Amino acid sequence: MKRSWYATPYALWMLLFAVVPLLFVCWYAFTTPEGHFTLANFQEFAKPRYMGVILRSLKLALYCTALCLVIGYPTAWFLSGRNFNHAQSLVVLILLPMWMNLLLRTYAMMTLLDDNGVLNAALQAIGLQPVKVIGTEGAVLMGLVYNYLPFMVLPIYTVLKKMDYSVIEAAEDLGCNPLRVMTRVVIPMSVPGIVSGVTMVFMPAVTSFAISTLLSHGKLRLAGDLIDYIFNQSSNPTRWNIGSSFSLMMLVLILISIGFLRKVDPDSEGGGMW
Amino acid sequence: MKKIAIVLLVALLAGALSAFAFAEADKPFAGTEIKVYNWYDYIDPEVLDIFEAETGIHVNYVNFSQNEDMYTRLSTGAEIYDVVIPSEYMIERLIKEGLLAELNLDNIPNLANVIDNLLDPIYDPGNAHSIPYMWGTLGIVYNTDLVEGPITSWTALLDQKYADAKIFMMDSVRDTVGLALKTLGYSMNTHDEAELEAAREWLLAQKDSGVVAGYILDQAREMMVGNEAGMAVMYSGDALYAMDKNDKLAYVIPDEGSNIWVDGMCVPAASQNKEAAECFINFMCRPDIAQKNLDEIRYSSPIKQVVEGLSEEELASTAMNPTDEMVKRCEYYVDISDVAYMYDDIWMDVLM
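These protein sequence lines map, in sequence, to chains A and B. Mapping the first sequence onto this note's numbering, position 22 (from 1) lands on 22, and the numbers just tick up by one. Mapping the second sequence onto this note's numbering, position 304 (from 1) lands on 304, and the numbers just tick up by one.
If you're looking for bench data, these hints aren't it; they were derived computationally from the structure. Keep in mind that this is a model prediction, so the values were computed, not measured. Think of the CB as a built atom: it goes at the ideal place given N, C-alpha and C, for glycine as much as any other residue. It is possible that some hints are incorrect.
Label-pair distances were calculated between CB atoms; the ranges are [what the hints assert, rightly or not]:
{"hint": "1", "chain 1": "B", "residue 1": "Asp145", "chain 2": "A", "residue 2": "Lys47", "range": "38 to 44 Å"}
{"hint": "2", "chain 1": "A", "residue 1": "Ala121", "chain 2": "B", "residue 2": "Asp218", "range": "52 to 58 Å"}
{"hint": "3", "chain 1": "A", "residue 1": "Met100", "chain 2": "B", "residue 2": "Ala340", "range": "34 to 40 Å"}
{"hint": "4", "chain 1": "B", "residue 1": "Asp349", "chain 2": "A", "residue 2": "Trp13", "range": "54 to 60 Å"}
{"hint": "5", "chain 1": "B", "residue 1": "Ala340", "chain 2": "A", "residue 2": "Val191", "range": "50 to 56 Å"}
Here chain B is said to cover these stretches of chain A; the calculated rule only asks that three of the stretch's residues, wherever they fall, bring their Cβ under 8 Å from a Cβ of chain B [stated by the list, open to error]:
{"hint": "6", "stretch": "113-124"}
{"hint": "7", "stretch": "177-186"}
{"hint": "8", "stretch": "205-218"}
{"hint": "9", "stretch": "241-247"}
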């Protein structure tokens, strides 16, 4: 048996549950409910309310990715230190929340961020003013960062861990101060990890749904919520067609952003997915 | 589980035996089985035992959680039901599609117990196809500690002075667009584009003013119970639930009017046991039985004798017992599928 045959189950699975559905999405996106070719579904996209949702999704996903990078990079650097023996157990701690379902984590987040929730109780206990978080863009951003941070830490950690430490020692011996070691050696060498992390955070963040609806009390919906609404609740007879065209647009959007990232890491050294 | 199964089996056997033994004139349908399709948690289960004991009719009791689920199962004909209990707009649709049998009201003398306000409704003239089971209204629940009352109008939902207390709207297109229409003096079932446009503007102005804390559904009950929100649009049944747990809450049906809903007992056209089904419906309208159901599920009962027997506190409760004058301000939802896309368009503008 040829070795490639071993992938048959997976190939079949992908064909049935990824390729075929995608073809359906393409079909619906370019047709009317009666099955005639049309581009009208994409014109719907130009309505200001939809552009607003898309821009909000992009903005929040960018903020989320940036925050994850700012928090995640130093964490990964710390964990990959060569004299640090507890790295494995700490990595497990980072993974731990991922063992629980995303929706449950978000419900827990709601309880924490509530006006009368744990966060405000803690603030008041140390004599500070309570803050209004839930229902704001900040709450949604916190939810996104909390959910996607591990996807940033892990790829960067893997790349940093693999890095040859003698390179850093060489830089130090040749007179680099710690800051220059960081900016001239460590960061450039970890670019593949950064690219991988950014991709893995940005993609799910820009298409995320439910997190935003729950943490904003239904006031701030993202692209994912919009598509969900069009398919499930809309009474528009063309809802499958419009929903499909929106899904396709999101797909293109993601492909474009990944294309940019690919330019930065052409060899996919960070275990890139494309 | 096993125990329950044995008890059920014994009960079944006993029922069958007694059915054979006492198939007398007063139990004309003894031995018949009827299938009753009702909402989850929407009956006192004891009532079914009493019915089986009294009539010898066996009840196969099954449940749904949404009118639309019920509709799908009923309309595909996959299963045949003898009694279904959908909401009024669904009853209207089922009548239109010929899925309901015309009731023989001679078999349901207890219809005389139903309060006048709910008789001969617009969705089913002459109660030809449906008998009210439970009913309620849409209104505002507010916390008298957090909000300076009394609230009397939907316009309170626009009032900046309540913004700090938090106002929650419903994540539901008919209810939220409907209340905007009512505020502006229009029908909740309007087909008029200009009226809908005005409702859109009202809702967007409300949203842009920042007075709305959110568009939610089930969470609102617990937030009101926990004093976390000052005001929320809610159905009277949910309001009663919240008010039972927090005595600072009050419920109001705004002056401009609101929605009234009724769940009605109907017999599908496909039923083979129509008379036994009518016997069940008649039984459910008996005051002592209606009282049991009310005690169990805490909605508003349409049965006069039950209403007369309410405690003073319950009688004074707008949620449990709205006055005739309040009910007259309310209207039923009617099927608007032909203009649903216009409602939808407004709703997308509000939500997105």
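Hints and how they fare:
no.	hint	verdict
1	B:Asp145 / A:Lys47: 38 to 44 Å	holds (43 Å)
2	A:Ala121 / B:Asp218: 52 to 58 Å	violated (24 Å)
3	A:Met100 / B:Ala340: 34 to 40 Å	holds (39 Å)
4	B:Asp349 / A:Trp13: 54 to 60 Å	violated (40 Å)
5	B:Ala340 / A:Val191: 50 to 56 Å	holds (52 Å)
6	113-124	holds (count 3)
7	177-186	violated (count 0)
8	205-218	holds (count 3)
9	241-247	violated (count 0)
Violation of the numbered hints given earlier is confined to hints 2, 4, 7 and 9; the remaining hints are satisfied by the structure.
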